[in-house]
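Visitor: Chain by chain, the residues:
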Amino acid sequence: MSSSFSIINGVMRRDLILAFRQKAELAQPLMFVLMVVTLFPLGVGPSPELLQRIGPGIIWIAAILSGLMGMERMFRDDYHDGSTEQMLVSGMPMVLVSAAKIFCHWLVSFVPLIILTPLLAVFLNLTWDMTVALMITLLIGTPVLSMLGAIGVALTVGLRKGGLILSLLLIPVFIPLLIFATSAIESASMRLPYLPQLAIMGAILLLTAALAPVAVSYALKVSQH
Amino acid sequence: MADLIAQKLMCIKRDRVLFEALDFSLGAKQIVHLKGPNGAGKTSFLRILAGLATATEGVVKYKEKNIESAGHDFYTSTLYIGHKSGLNSALTGIENTQFWANQHGIDISQSEIIALLGMIGLAGLEDLPVAHLSAGQQRRVSLLRLWLKSQARIWLLDEPFTALDVQGVALIEKKIQEHAESGGSVLITSHQALQPHPLKSEFMLEYRF
Amino acid sequence: MWKWFSQYAKPEKAYQLCGTLFRWFWLPSLLLILVGTVWGLVFAPQDYQQGDSFRIIYIHVPSALLSMSAYVAMAVAALVGLVWQWRTAYMAMIAIAPVGAVMTFIALFTGAAWGKPMWGTWWIWDARLTSQLILLFLYLGVIALYSAFDDKQQGGKAAGIMALVGVVNIPIIHYSVEWWNTLHQGATITKFDKPSIAPEMLWPLLINLLGFALFVAAVSIKRMRNEIVRREIHRPWIKSLFLENEK
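Just so you know, the sequences run in chain order U, B and R. In the numbering used here, each residue's number is its place in the first sequence (first place is 1) plus 294. In the numbering used here, each residue's number is its place in the second sequence (first place is 1) plus 235. In the numbering used here, each residue's number is its place in the third sequence (first place is 1) plus 56.
Honestly, the hints are just simulated from the structure, not real lab data. Check each hint, because a few of them may be wrong.
As the list claims (entries may be wrong) - Subject to a maximum C-alpha distance of 35 Å in a straight line, what follows is the list of computed DSBU-like cross-link-like pairs (lysine-lysine):
no.: 1; chain 1: B; residue 1: Lys300; chain 2: B; residue 2: Lys384
no.: 2; chain 1: U; residue 1: Lys515; chain 2: B; residue 2: Lys435
no.: 3; chain 1: U; residue 1: Lys515; chain 2: B; residue 2: Lys270
no.: 4; chain 1: B; residue 1: Lys409; chain 2: U; residue 2: Lys515
no.: 5; chain 1: B; residue 1: Lys435; chain 2: B; residue 2: Lys243
no.: 6; chain 1: R; residue 1: Lys172; chain 2: B; residue 2: Lys248
no.: 7; chain 1: U; residue 1: Lys515; chain 2: B; residue 2: Lys296
no.: 8; chain 1: U; residue 1: Lys515; chain 2: B; residue 2: Lys248
no.: 9; chain 1: B; residue 1: Lys300; chain 2: R; residue 2: Lys59
As the list claims (entries may be wrong) - Chain U residues, not near chain B, derived (Cβ > 10 Å throughout):
no.: 10; residue: Ile301
no.: 11; residue: Phe326
no.: 12; residue: Leu382
no.: 13; residue: Leu489
no.: 14; residue: His519
Backbone N, C-alpha and C define an ideal beta-carbon position, used for all residues, glycine too.
Could you build all of it, start to finish, from the sequences and the hints given here?
Guide: The following block contains the structure:
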């Protein structure tokens, strides 16, 4: 067991060091979310009721879009500089490696976003109940974004013209999350219980956590063929 | 007894048959120079032997077992160094080496790494991000693995001499010869001629249409 | 049984099988579609509520059903390819994908056309229309991924993983959309109760269903045959095949 712990530890240390050396790349998606959220009141008018109604959807969609932008970082550099192939020939269990890398990605790209949420909530005039619900849904939902995103990135990493295809693959599979998350927040806005939605999102999280690392490690192997 | 045996390999890349019904074996105390024109499939062949790619048909066996089922045993006793350096350009030479050693289950201290980097001609550059090094220096960092993974008996080296200067080539070639003399086996592709050595042989891949 | 099945991992064998199956499928499929459509559009009685516009179900329902079956068939092919490493399975998968996508498109188009007289608008975010639209996106994703790869063997494997991810997701998407729809349904949407269908209306539907199924199979098989030829063009068995044909 100690060896799998040291593998996870090593991979995470490496990825975290890299993330903090490239801070600019981390900050950009956050600024993107902030700007998208700023665009909406300018586009649809500043009426507080309207913003409160569409706010949760806006924040979730902005989170998905910004997530898509930073997703590639997960495996792109490793693929191009040959780190992936060295990991594969080291005989390390790739499922563990993938899981560790996904967790790192979530930690550095979505956790800051969750911390930023109260500010966005103020911008869009969300009530306190809604803000809490929004943060909980992001906490449960964004790891799923990272995991599904990892599958997409691993599948497209070898493509010279990856670009938009990643979004094309991923947006449809993100839909259930968006539906349940926004509906939970809507319930919260009416002071209704929203545990059922959270439970479903939790189920999706567990299902994805069980399958995604396997799919990612297989996709990374295929990318080397 | 050969360690690594390939039987009836066929490889199709971009719907072109690179090679077909290819038999190959690599045993102890052998340096095999894999030759062939560009596009003959040398790299693909090496990657199949390393377990990175799968052949369209045929099997690769290590100690009588398919390499997939030999698994960890196979991976710990092979060392593959490809075209790509496997170095992250934002990390320093020390960090890159340390993480690589950790991945491959090798225990090594930082001072040992610094000593090795000095030996390979990178004294004073250990703490720079790899992106700041020249191509030849980067290649030296990645070739440091030849000194690190002592349990690996089979070396699969894809164009290791690219970008190296004369001293660098001599250093690596000496290491390869020592490895073979001490019972290891080496399969190497290189467009440069290798120095004559009693253990050296050649294997030719033809270009097919 | 297994031995018989696994011989089709070889492209030559699969090519022959495709040839035989195509000969069996294409004529019956066209006949059935012709009979079913003419019967449905001309001879079946009018609906007491919707008049003649209900007749679009003879196209809409079979295509909608086939769009989903084709996705499942694609995922099964991908699974076979993944588990047993068959090259031909990926070819089958990629042969089915555009056919399924076209079926999805037909279902969407006829659904929208049916919506115009019924709902008074071409598009509403009805649960079934929305899931069909997402299904179309999933198909397009698989096709786009495959065509982005230069190395089609690798592309097949990648698209296969994507098809499997999609098939795990389809039920989740379907139920989430249905749930979303009931949640947001205002008074503006009038939903029709589904009356039980009269037998003289049902028969042409069943005939068309079978006809569409055979048609999808026939087109996929033909496409797979082409795919095999395209991918294996440099192999000796293809060359000898063409030499035989020229005689």
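Visitor: Would you mind marking each hint as holding or not holding in the structure?
Guide: Evaluation of the provided hints:
no., hint, verdict
1, B:Lys300 x B:Lys384, "holds (22 Å)"
2, U:Lys515 x B:Lys435, "holds (33 Å)"
3, U:Lys515 x B:Lys270, "holds (27 Å)"
4, B:Lys409 x U:Lys515, "holds (33 Å)"
5, B:Lys435 x B:Lys243, "holds (24 Å)"
6, R:Lys172 x B:Lys248, "violated (51 Å)"
7, U:Lys515 x B:Lys296, "holds (19 Å)"
8, U:Lys515 x B:Lys248, "holds (16 Å)"
9, B:Lys300 x R:Lys59, "holds (24 Å)"
10, Ile301, "violated (7 Å)"
11, Phe326, "holds (22 Å)"
12, Leu382, "violated (6 Å)"
13, Leu489, "holds (42 Å)"
14, His519, "violated (5 Å)"
Checked against the numbered hints given earlier, this structure breaks hints 6, 10, 12 and 14; the rest are met.
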